[in-house]
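Student: Chains as they are written, first to last, in this note's numbering: chain B, 1 to 378; chain Y, 1 to 571; chain A, 1 to 337.
If you are wondering where the hints come from, they were derived from the structure by calculation, not from laboratory data. Do not rely on the hints blindly, as some may be mistaken.
Away from chain Y, derived, C-beta distances all over 12 Å, residues of chain B [what the hints assert, rightly or not]:
no.	residue
1	128
2	131
3	277
4	286
5	296
6	337
In the SDA-like style, the derived pairs of lysine to any residue whose C-alpha atoms are separated by at most 20 Å in a straight line are [to be verified]:
no.	chain 1	residue 1	chain 2	residue 2
7	A	207	Y	385
8	B	294	Y	385
9	Y	264	Y	243
10	B	294	Y	133
11	Y	133	B	288
12	Y	378	Y	318
13	B	294	Y	243
Even glycine gets a Cβ: it sits at the ideal position worked out from N, Cα and C.
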Amino acid sequence: MSEINSAGGPGSPQNGVLTTGPGVGQLVPPPSTRSRRRGNGLYRYLLVRFLLIFPTIFILVTTVFFLMRITGDPITAALGGRLTPDQLAERRHAAGYDRPIIVQYLNYLGNIARGDFGTTYSDNQAVTKILTSYGSATLELVLYSLVITFLIGIPLGRLAARNRDRWPDAVLRVFAILAYATPVFFLGLLLKLVFSVKLGWLPVSGRISASGEVQMQQILNPTPFYLLDAIRLGSPALIGDVLSHAILPALALGMLNGGVFLRLMRTNLIGTLDRQYIESARSRGVSESRLVTKHATKPALIPVITVMGMQIALMLGGAVLTETTFEWKGLGFMLAQYMTSRDYVAVQGIVMMLAVIVALANFVVDVIAALIDPRVRY
Amino acid sequence: MSSSAVHRFGGGEPLLEIKDLGVSFATDHGDVDAVRGVSLFVDPGEILAIVGESGSGKTVTARSVLGLLPETATESGAVVLNGRDVVQMSATQLRRVRGADVAMIFQEPSSALNPVYPVWWQLGEGLRAHNPKLSTKQLKERAVEALREVGIPDPQNRINRYPHEFSGGQKQRIMIAMALALGTKLIVADEPTTALDVTVQAEILQLLRDVRDRFGTSIILITHNMGVVADLADSVAVMHDGVIVERKFAKELFAHPEDDYTKKLLGAVPRVGAHSASAGLSDAARQELAGHEAIVEARGLEVTYPGRLGTPPFRAVRGIDFTIRAGEVFGLVGESGSGKTTTGRAIVGLEEVTGGSLKVFGYEMRHLRERTFKPLRKDIGFVFQDPATSFDPQLTIGQCIAEPLEVHEPRSSAADRRRRVRDLLSAVQLPVDYANRFPHELSGGQRQRVSLARALVMRPKLLIADEPTSALDVSVQATVLELFRQLQAEFGFACLFISHDLAVIDMLAHRIGVLYHGELVEVGDGAQVLGNPQHPYTKRLLASLPVPDPVEQAVRREEFRRVDEELAGRD
Amino acid sequence: MSQPVPLGVESRREPWYLRLPVIADVRRSVGLQRGMLVTGLVLTSILVLVAIFAPLLAPYTWAQTSADGVSFGTQQPPSAKHPFGTTVSGFDVASRVIWGARTAVLVILAAVVMSIVLGVLLGLVSGYLGGWLDRILTMITDAIYAFPSLLLAIVMSIVISGGQSSAFGGIMSAAISITVVYVPQYFRVIRAETIRLKAEPFVEAAKVTGAPVRRILFGHIFRNSTRTLPLIFTLNASDAVLTLAGLGFMGFGIEPTSASEWGYDLNRAMADVSSGLWWTSIFPGVAIVLSVLGITLVGESMNDLNDPRLRRRRASKKATSADTRGDEPTADAQEVR
């Protein structure tokens with residue numbers, strides 16, 4: 001990680017591409033023991049990586065808990081001013097906020113371990129309930145935007161790398177930087193202004209129209225995704241309804257990540273194309289296009305995937321903003337709602353859950369990267 | 001230049017004819033001519049060595065045969081391969097020629113193989129590029145065949161493995177297999193053994209010779225190593241500054257070099273027994289040295305690197321005994337991974353001693369406390385291997401040399417320090433005004449002199465030199481080694497000289513220790529160890545070192561084969 | 001090349017002002033890269049100049065809804081009096097956009113300075129000393145790094161200001177929120193660089209000499225590990241603008257009466273967009289895009305120039321494709337940092 005990789009989204013330090021141990025790598029044991037060690041190495045790596053999730057989550061939970069509690073308790077924040085001091089004290093006592101902070105903390109940890117992230121104040125819902133009712137919407141949005149991210153990132157990244165420093169590269173780089181420089185919510189507002197308000201082609205906000213929602217309720221066991229349900233109902237009008245609502249939010253979020261992906265792909269492909277094994281394949285008559293699509297793409301993808309794993313956090317932040325912009329009723333939208341009503345139990349719960357999701361997603365990405373890379377050893 | 005037409009290896013049409021080739025590169029400071037008017041022939045079955053130091057244009061010349069020059073290069077002249085001019089070819093034509101008519105082997109086999117694809121796939125890519133109809137099954141069969149040809153054991157299974165699962169020598173064999181897979185008649189080998197240990201080098205050279213003998217393949221061998229030339233080449237072209245200064249059959253060139261540069265190059269090659277430091281000692285001097293106090297004393301010295309999470313710890317040094325006495329140069333020789341560098345680093349506390357005992361000036365390094373050891377540090381100097389990275393790029397040469405003074409004599413005056421820096425610069429034969437320059441403004445050889453100056457500024461009683469010349473060109477190496485000899489004689493410090501090169505060790509060391517896999521297999525008087533090696537590994541190491549003389553090398557080659565078989569018999 | 005060759009004039013050290021990061025980069029760049037760098041520098045300069053001279057440039061203050069006793073009116077389209085129109089609350093859009101530059105620059109400066117100081121210090125010490133301190137710090141920063149930065153900033157802003165506050169308080173709380181997000185990044189970079197440098201022979205040479213830790217850390221490692229800082233600085237500065245705007249958009253920014261902030265204005269403009277009013281969102285939005293674009297362009301180009309793989313040289317690739325045995329002055333000269 002010695003170099004900063006701007007392509008990893010500004011500011012994200014690039015993961016070093018596999019370092020060796022302390023100068024001991026030269027000795028090569030006989031093949032049989034080596035292959036055995038490699039198999040073990042992969043499992044051990046995955047196990048270690050999996051175990052690392054827990055301290056990560058623990059640190060996050062602890063940090064967020066104490067940070068949120070520095071300023072006071074959620075009841076005072078939510079209801080302070082509207083109740084008399086006596087009423088407030090009573091409510092605080094009932095909720096246990098007058099106990100020592102350590103006791104509260106341990107209690108909280110215990111609750112989380114049991115999957116209880118608390119209950120909201122404003123509408124008295126279990127935070128986990130919010131996850132199950134709104135999480136699917138967020139997931140659906142993220143998946144749509146991922147499709148756009150890959151559609152933009154891989155082909156355009158290759159195009160830019162192959163035409164390095166020529167006009168297609170210049171155009172694509174400016175595009176990628178613009179995609180990064182435009183906040184998702186501003187891009188969202190622009191898209192809304194043009195395609196919904198001025199042209200009237202697409203709906204302004206929401207996941208589905210009111211009539212569509214009614215139709216949806218006919219489904220007995222709904223899947224998390226509206227699109228799947230619409231397909232199951234077999235109604236083309238409903239499918240169109242769902243898709244037309246999804247296009248703009250997915251585009252806004254996908255553009256941001258697509259730009260990041262494009263730049264990552266470009267930088268890493270350029271770096272890989274300079275490697276000697278590419279020159280070596282070239283010296284055996286392999287064509288330039290195959291060098292890019294086969295020989296360079298796979299090695300270049302390994303660091304890209306790792307960095308994209310770190311970008312999951314960025315993507316979730318983007319999803320929160322996109323949902324707010326398009327009133328897409330997912331976790332991010334609810335988060336904004338609860339923040340406005342100063343319901344910090346809800347905010348804390350949602351933030352924690354998002355953090356856990358990020359930690360798990362990072363693990364999955366690392367596993368994918370490890371499976372692609374035959375050199376993984378630990 | 002014109003002599004190239006005279007020496008023909010075989011009759012008939014040459015396989016390759018380079019006519020008045022010129023290559024220039026566009027750079028920040030205008031065009032640079034890397035190759036100027038080079039003409040060469042390569043006949044079928046001929047092994048031509050192009051030899052020269054860095055910047056001589058040898059690599060550029062060789063790459064032009066495959067049309068593998070960067071975009072900034074402009075070529076003139078012609079490179080005629082099988083009757084067709086490579087310089088004029090279109091991209092598609094070049095692609096058809098590469099691999100089929102001419103193949104290339106690279107210096108670093110590790111970086112020339114794609115790390116994320118199995119070996120058969122990479123080999124198959126070359127085959128498929130010239131014959132897209134081949135099925136995966138056919139590709140695998142051809143890959144097995146190709147690996148068998150170059151002596152990789154168990155090819156059926158190993159074609160499915162990834163490059164990192166092979167040793168360096170095996171990787172180079174795979175590269176050769178890939179070059180051969182398409183039945184090419186010409187192989188361009190760019191420093192094919194430079195990155196390898198000397199014993200592995202001998203094996204790869206043997207394989208290349210076999211390839212020529214079995215398939216009649218011509219080879220262009222790019223190298224800086226005169227011993228390799230003597231071992232393998234039929235004919236030699238010596239390049240200097242982009243021009244061929246001499247072109248002859250190998251035997252002739254080594255016997256009767258004509259050009260001054262060739263003579264100088266040959267003269268600079270260190271040879272075992274040629275300037276042996278220990279043989280030059282009188283018996284009395286040897287006796288006297290043996291009576292000096294011991295400065296470094298290792299008894300059962302062990303250095304173990306802890307393993308990471310589940311991997312076993314690595315024992316780099318496994319219980320070795322040796323002594324370095326005042327005024328004595330102790331040479332430690334071994335291949336990569338033998339633990340020689342680790343030993344040197346342990347003496348100055350850069351590695352932790354994990355077992356046995358290591359006493360430096362009587363101080364037990366096993367219980368190292370920086371505070372108590374610091375006063376002794378002024379008596380120890382260290383010269384690092386890589387001259388490019390051993391100086392803080394932000395400091396001037398003068399500041400670098402003066403750093404030990406600032407640390408150990410904080411009260412000395414600035415004028416005094418400047419004077420001592422000047423003295424040292426003159427001692428290492430550099431102009432005194434170099435004190436104001438920055439490290440990057442110096443060449444590698446100059447930096448290594450500065451490195452010596454820094455190590456000697458406190459007049460140490462002990463100097464550790466870790467491969468100080470292995471990154472240098474041979475002619476530069478010769479001058480630095482000579483300087484080292486003079487300084488050692490003048491200052492009289494004891495020295496641990498670490499090197500992988502037996503000839504270099506022989507030039508400097510009074511006594512020699514041979515390290516193999518962390519164990520000291522042989523220690524003794526220099527001339528004795530090299531003149532009459534006892535341990536089979538020492539024998540093998542010595543026999544694998546090619547000497548710059550084709551006739552003698554042919555004999556030694558047989559010797560190496562014999563030692564090898566003897567060793568194989570023992571196992 | 002038998003004897004060391006003294007180098008020509010071109011590799012001598014140039015005057016200090018030509019070696020300053022940005023200036024040296026402009027001089028090294030060519031073609032597209034120079035175009036990007038210069039565009040970025042121009043945009044960034046405009047941002048800074050507007051921030052400094054906001055009082056002179058802006059027709060009104062950020063919180064003004066009337067002038068000379070006459071109310072501006074709400075949601076007025078652009079006119080001679082209000083070139084960018086007015087907002088739903090009756091503010092002058094042009095004035096808020098101009099004053100917003102000042103808020104943005106103040107937050108960037110505060111955030112980046114704080115995170116650099118903390119991140120560099122922790123990274124140096126942690127990377128050099130290693131051991132359990134290093135392990136704990138790495139684990140904590142890794143955890144924070146994996147946390148969605150916007151959410152972290154939101155949490156921090158709740159902690160610091162309970163959501164909304166005065167101009168100074170708002171700017172500081174935004175800055176601190178962003179600092180907490182970026183400290184791990186600086187920490188990671190400097191730590192990695194320190195660990196790399198720690199194994200460099202020149203640092204080992206100092207160690208062998210007996211130089212004390214303080215001298216090694218600040219004399220040798222610090223000076224050599226900071227070459228990437230201008231780069232991270234620019235990259236994080238652009239990210240800081242976005243995070244600030246994101247905070248504002250989520251309603252966790254600075255009160256509109258305390259200071260002007262583009263993200264907050266976009267939040268207020270959401271309803272306008274649905275009813276087809278474009279000027280309240282376009283102008284602050286474009287201001288964000290241009291600021292981020294400018295800073296990012298500078299950072300991107302500097303990154304390219306500093307990365308030998310990406311730097312487009314007028315020079316040839318000779319140094320890399322030709323022999324690499326390292327005694328070649330041209331190769332050395334190109335490695336100059």
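Student: Each hint: holds or not?
Tutor: Here is what the structure says about each hint:
With 12 Å as the threshold on Cβ separation, the claim that residue 128 of chain B sits away from chain Y holds: the shortest Cβ distance comes to roughly 35 Å. Residue 131 of chain B, annotated as away from the interface, keeps every beta carbon of chain Y farther than 12 Å; the closest lies near 34 Å. Taking the minimum C-beta to C-beta distance to chain Y, about 4 Å, the non-interface status of residue 277 of chain B is violated against the 12 Å cut. With a least beta-carbon separation of about 5 Å from chain Y, residue 286 of chain B fails to lie farther than 12 Å from that chain, contradicting its non-interface assignment.
Residue 296 of chain B, annotated as away from the interface, has a beta carbon of chain Y within 12 Å; the closest lies near 9 Å. With a cut of 12 Å on Cβ distances, residue 337 of chain B stays outside the contact zone with chain Y, its closest approach being about 45 Å. For the hint linking residue 207 of chain A to residue 385 of chain Y, the alpha-carbon distance of about 16 Å falls within 20 Å, and the restraint holds. At most 20 Å may separate the alpha-carbon atoms for a hinted pair to count; residue 294 of chain B and residue 385 of chain Y exceed this at roughly 38 Å.
The straight-line distance between the Cα atoms of residue 264 of chain Y and residue 243 of chain Y is roughly 16 Å, inside the 20 Å bound, and the hint therefore holds. Taking the CA atoms of residue 294 of chain B and residue 133 of chain Y, the gap is about 18 Å. The hint holds against a cut of 20 Å. For the suggested pair residue 133 of chain Y and residue 288 of chain B, the alpha carbons sit about 19 Å apart, so the restraint of at most 20 Å is met. Annotation: proposed proximity of residue 378 of chain Y to residue 318 of chain Y is violated, straight-line Cα distance about 29 Å (limit 20 Å).
Restraint check for residue 294 of chain B and residue 243 of chain Y: not satisfied, since their Cα atoms lie roughly 39 Å apart, outside the 20 Å limit.
Comparing the model with each earlier hint shows violations of hints 3, 4, 5, 8, 12 and 13; every other hint is respected.
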